[in-house]
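S.K.: Listed below, chain by chain, are the residues.
2 protein chains.
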Amino acid sequence: MQRRPFLQTLCGASLATAFAQAQETPKKLGWALVGLGSLSTNQIAPALLKTNNARLAAVVTGSPEKGKQWSEKYGFDASHIYSYENFDKIIDDADVDVVYVVLPNSMHREYVERAAKAGKHVFCEKPMANTPDDCRKMIDACAAAKKLLGIGYRCQFEPHHREAMRLAREKVFGEVKHIQANFGFQSGDPKQWRLRKALAGGGALMDVGVYALQACRYLMGEEPVEVSAIETKTDPVKFAEVDETINWQMKFASGRSAQCTTTYLFNGYNDFTAVCQRGKFGLEPAFGYTGLKGFCSGAKNYLELPNVDHFQLEIEAFSQAIIEGKPFAPSGEEGLRDLLVIDAIYRSIQSGKVEKVATV
Amino acid sequence: MQRRPFLQTLCGASLATAFAQAQETPKKLGWALVGLGSLSTNQIAPALLKTNNARLAAVVTGSPEKGKQWSEKYGFDASHIYSYENFDKIIDDADVDVVYVVLPNSMHREYVERAAKAGKHVFCEKPMANTPDDCRKMIDACAAAKKLLGIGYRCQFEPHHREAMRLAREKVFGEVKHIQANFGFQSGDPKQWRLRKALAGGGALMDVGVYALQACRYLMGEEPVEVSAIETKTDPVKFAEVDETINWQMKFASGRSAQCTTTYLFNGYNDFTAVCQRGKFGLEPAFGYTGLKGFCSGAKNYLELPNVDHFQLEIEAFSQAIIEGKPFAPSGEEGLRDLLVIDAIYRSIQSGKVEKVATV
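Here the protein sequences come in this chain order: R and F. In this text, residue positions in the first sequence follow this note's numbering: the first is 1, and each later residue adds one. In this text, residue positions in the second sequence follow this note's numbering: the first is 361, and each later residue adds one.
Note that these hints are calculated values from the structure, not bench results. Given the structure is predicted, the values throughout are model-derived calculations rather than measurements. Treat the hints with caution; some may be incorrect.
With a straight-line cut-off of 30 Å between C-alpha atoms, the simulated DSS-like cross-links for lysine-lysine are [as the list claims (entries may be wrong)]:
#1 Lys197(R) - Lys28(R)
#2 Lys713(F) - Lys171(R)
#3 Lys387(F) - Lys410(F)
#4 Lys653(F) - Lys293(R)
#5 Lys713(F) - Lys356(R)
#6 Lys716(F) - Lys353(R)
#7 Lys171(R) - Lys598(F)
#8 Lys293(R) - Lys660(F)
#9 Lys356(R) - Lys598(F)
#10 Lys353(R) - Lys598(F)
#11 Lys300(R) - Lys653(F)
#12 Lys531(F) - Lys426(F)
#13 Lys593(F) - Lys353(R)
#14 Lys146(R) - Lys117(R)
#15 Lys387(F) - Lys233(R)
#16 Lys593(F) - Lys356(R)
#17 Lys356(R) - Lys716(F)
#18 Lys557(F) - Lys353(R)
#19 Lys293(R) - Lys598(F)
#20 Lys660(F) - Lys171(R)
#21 Lys171(R) - Lys356(R)
#22 Lys233(R) - Lys353(R)
#23 Lys713(F) - Lys238(R)
#24 Lys238(R) - Lys531(F)
#25 Lys449(F) - Lys300(R)
#26 Lys477(F) - Lys531(F)
#27 Lys716(F) - Lys497(F)
#28 Lys716(F) - Lys197(R)
#29 Lys353(R) - Lys713(F)
Computed footprint of chain R on chain F, listed as stretches where at least three residues anywhere in the stretch have a Cβ under 8 Å from a Cβ of chain R [claimed, not checked]:
#30 527–541
#31 560–571
#32 626–632
#33 636–649
We treat Cβ as the ideally placed atom computed from N, Cα and C, and that holds for glycine.
For reference, chain R alone in the conformation it holds in the complex:
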């Protein structure tokens, strides 16, 4: 009576793996990519060639020519090429299980809602949307359609970040007392959509500052309650519509604090540091696609972990959650929580005051 549950607990994972291997290879979930810009081209599509439970099955693009090139390169039939106009027909496409929205931020809400209505699970790039209200509507749309919604916070699947989360959670250096997190780079092409407020919703904060914010939240293990922010701008022509550099600081309910800087002005600011009761640890660089490096008090070359494809891992995790019918994190609520802080940061810049972070 006792033996079977014990064995199941002990060997459940490997037995399941052996069982799965004994069966024929399960069908990979079909993913449709909406938006074939640089991120889809250089990161996501290549990752979908490596994923063990997902494959690129369709694309949504404004360019029929580009669609054709992609169908040939990635081996799906031209019938799985959609335009933004006929996208809703994807409801009838049995090859597509998941829609991955990789569009400019302001378009996330519309395509997440349309994908959910088409009966597809939805994976959405960060930042989730331009406003908390948009996030709530996206969560509601997926809930109404009974479809899973995940946000592309790739770092949450990356080994250095996961180990850092463990160090914080298990108080390996004592309690985390303070976080410093920064992400910025020198923005290039002045004509890119990321510098248009109508498309991007904001500048460096929306694009890369959100990584620093994420790190603070998942290392603290609690939500910020107040923020104060200042914006500085040295190039008001290039950054006429969006923020160039934002500094912000956050107060947590426990009385702990964090400080962050994000910028489109200069390179090389790409790190986080957790200042703990008994030392510090962190990553630098922290948020790139590869080459992440750890550090801690009293040791060099800390956290020497393998470089992995962040996009492969997030796609596999989301696919696995669908296959197993389980919840997925980072969820839409996680995306909403960041937008609530971002909203407070922008309000603080406008008001020149400390602003409270609204609750979910």
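Position chain F relative to chain R; hints supplied.
M.R.: Just chain F, lined up with the frame of chain R:
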């Protein structure tokens, strides 16, 4: 006609040194220490044994017993022991050229003014005073007495800091775009004067935050114009009167920014980073009495410079300025500038708003 000025320029320093060595050893300036606490005991008095142009000539103490011990240990006559009551008699003490005020912050103004009135040059520990108005009065008192006033910003004489200033000023890594500077430690004895607002004027910010502020100002080479600050407190009993942790951020007129954290809550936050156009440089630890270490993009063990006695250097520099009849930096105005920013930081915490930094 051309040759002599050329040689003077080229060899001025070494000729002057040779000339000085040929003369008999000049009399060392006599320094009086006001306040014989830990800093005087462990740092300043030992430094005065090493200084080439200064010596400990008198003390001002509330304890006659302590005064006697010091006169024996440091070899000055008991007639040079003063109490806080009879301090003004120092006007007649020809052995005393300089009074070094090492008292709790709130007493700086009174003793700087009394020392100036007694016709002595004055060196004052940081922070200069509790308020900008006190600083202005101290500057006026020394100006009226035609005596030199210097502030004990020891890092400004320290080789790592001086090299960092040069790297910033000469744009060795390109222009400095942003500064991160932090200094804090876990405060010990709950009964110390530094935790009493009436004596210290404030908490971590007044005591150690001022080092981080200094670094921002001398690396930026310009003054902050606006600040926003938040205070967090996890131990409202121990830190009932003064700040435990303050985060603040500063905007400079050029559009550049800086962020700082200071704390009495945890150890190990003791660094600055200058984020520049072409990489970063900084110190960690940055503000201790010894063991400072440099870093920069792409190199380990950057800025391997000798460890020196910061107090010896500042005392020698102030003495030399007196001997040569030259101005001294960091001056009282430098101390005032920090207090103007500190005042804006405390105002920001009170108002919850961005506050402008008042001008000198």
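S.K.: Decide, hint by hint, whether the structure agrees.
M.R.: Now the hints, each set against the structure:
1. Lys197(R) - Lys28(R): violated (38 Å)
2. Lys713(F) - Lys171(R): violated (34 Å)
3. Lys387(F) - Lys410(F): holds (14 Å)
4. Lys653(F) - Lys293(R): holds (20 Å)
5. Lys713(F) - Lys356(R): holds (13 Å)
6. Lys716(F) - Lys353(R): Distance of about 13 Å is within 30 Å: holds.
7. Lys171(R) - Lys598(F): Distance of about 24 Å is within 30 Å: holds.
8. Lys293(R) - Lys660(F): Holds. Lysine 293(R) to lysine 660(F) sits at ~14 Å (cutoff 30 Å).
9. Lys356(R) - Lys598(F): holds (27 Å)
10. Lys353(R) - Lys598(F): Holds: lysine 353(R) and lysine 598(F) sit about 28 Å apart, inside 30 Å.
11. Lys300(R) - Lys653(F): Distance of about 14 Å is within 30 Å: holds.
12. Lys531(F) - Lys426(F): violated (50 Å)
13. Lys593(F) - Lys353(R): holds (19 Å)
14. Lys146(R) - Lys117(R): holds (10 Å)
15. Lys387(F) - Lys233(R): Cα-Cα ~55 Å, so violated.
16. Lys593(F) - Lys356(R): This hinted pair holds, its Cα atoms lying about 17 Å apart.
17. Lys356(R) - Lys716(F): holds (22 Å)
18. Lys557(F) - Lys353(R): Judged against 30 Å, a Cα distance of about 26 Å means the pair holds.
19. Lys293(R) - Lys598(F): Violated: lysine 293(R) and lysine 598(F) sit about 38 Å apart, past 30 Å.
20. Lys660(F) - Lys171(R): The given pair, whose Cα atoms are some 28 Å apart, holds under the 30 Å limit.
21. Lys171(R) - Lys356(R): With a Cα-Cα distance of about 28 Å, the restraint between lysine 171(R) and lysine 356(R) holds, given a limit of 30 Å.
22. Lys233(R) - Lys353(R): holds (19 Å)
23. Lys713(F) - Lys238(R): This hinted pair holds, its Cα atoms lying about 28 Å apart.
24. Lys238(R) - Lys531(F): Roughly 24 Å separates the two Cα atoms, so the pair holds.
25. Lys449(F) - Lys300(R): Not OK: lysine 449(F) and lysine 300(R) at ~57 Å, beyond 30 Å, violated.
26. Lys477(F) - Lys531(F): violated (43 Å)
27. Lys716(F) - Lys497(F): Status holds; Cα separation ~22 Å.
28. Lys716(F) - Lys197(R): holds (29 Å)
29. Lys353(R) - Lys713(F): Between lysine 353(R) and lysine 713(F) the Cα gap is close to 4 Å, so the pair holds against 30 Å.
30. 527–541: holds (count 3)
31. 560–571: Three-residue rule not met by the segment 560–571 of chain F, so violated; n is 0.
32. 626–632: Satisfied; 3 residues make the cut.
33. 636–649: n = 4 at 8 Å, threshold three: holds.
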